[in-house]
Amino acid sequence: MLIALIVAWLIFTILVKVVKTTVKTAFFIAAIIVLLQVGYGIGPQEMWNYIVQLPQKLPQLGK
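Under this note's numbering, the first residue of the sequence shown carries the number 1, and numbering increases by one thereafter.
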């Protein structure tokens with residue numbers, strides 16, 4: 001019983017750390033998107049299009 005509680009506590013602690021990290025990253029990305037949209041008028045769709053086209057543009061950047 002004690003071992004099961006220890007394992008459950010460890011799993012719970014790991015999950016809390018993962019969720020905290022995920023939320024921090026999501027807020028950071030959202031803040032970047034808002035800043036780009038307000039500062040430069042770049043919308044989420046334009047950023048998504050650039051991200052999708054990025055693998056095609058990388059070989060051209062190396063030239």
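Source of the hints: derived by calculation from the structure; they are not laboratory data. Note that the structure is predicted; figures quoted are calculated from it, not measured. A virtual CB, placed ideally from N, CA and C, is assigned to each residue, including glycine. Don't take each hint at face value.
Claimed, not checked - FRET-style restraints, in silico, Cβ to Cβ:
1. Thr25 - Met1: 17 to 25 Å
2. Lys17 - Gly41: 46 to 54 Å
3. Asn49 - Ile11: 38 to 46 Å
4. Ile14 - Pro59: 38 to 46 Å
5. Ile11 - Gly41: 24 to 32 Å
6. Ile14 - Leu36: 29 to 37 Å
7. Ile32 - Trp9: 22 to 30 Å
8. Val38 - Ile14: 55 to 63 Å
9. Lys20 - Pro59: 31 to 39 Å
10. Leu2 - Tyr40: 34 to 42 Å
11. Leu35 - Trp9: 45 to 53 Å
12. Gly62 - Thr25: 52 to 60 Å
13. Ile42 - Val16: 30 to 38 Å
14. Gly62 - Thr13: 24 to 32 Å
Now for the hints, and whether the structure bears them out:
{"no.": "1", "hint": "Thr25 - Met1: 17 to 25 Å", "result": "violated, 37 Å"}
{"no.": "2", "hint": "Lys17 - Gly41: 46 to 54 Å", "result": "violated, 37 Å"}
{"no.": "3", "hint": "Asn49 - Ile11: 38 to 46 Å", "result": "holds, 40 Å"}
{"no.": "4", "hint": "Ile14 - Pro59: 38 to 46 Å", "result": "holds, 39 Å"}
{"no.": "5", "hint": "Ile11 - Gly41: 24 to 32 Å", "result": "violated, 45 Å"}
{"no.": "6", "hint": "Ile14 - Leu36: 29 to 37 Å", "result": "holds, 33 Å"}
{"no.": "7", "hint": "Ile32 - Trp9: 22 to 30 Å", "result": "violated, 35 Å"}
{"no.": "8", "hint": "Val38 - Ile14: 55 to 63 Å", "result": "violated, 36 Å"}
{"no.": "9", "hint": "Lys20 - Pro59: 31 to 39 Å", "result": "holds, 38 Å"}
{"no.": "10", "hint": "Leu2 - Tyr40: 34 to 42 Å", "result": "violated, 57 Å"}
{"no.": "11", "hint": "Leu35 - Trp9: 45 to 53 Å", "result": "violated, 39 Å"}
{"no.": "12", "hint": "Gly62 - Thr25: 52 to 60 Å", "result": "violated, 29 Å"}
{"no.": "13", "hint": "Ile42 - Val16: 30 to 38 Å", "result": "holds, 34 Å"}
{"no.": "14", "hint": "Gly62 - Thr13: 24 to 32 Å", "result": "violated, 44 Å"}
Hints 1, 2, 5, 7, 8, 10, 11, 12, 14, counting from the list given before, are not met by this structure.
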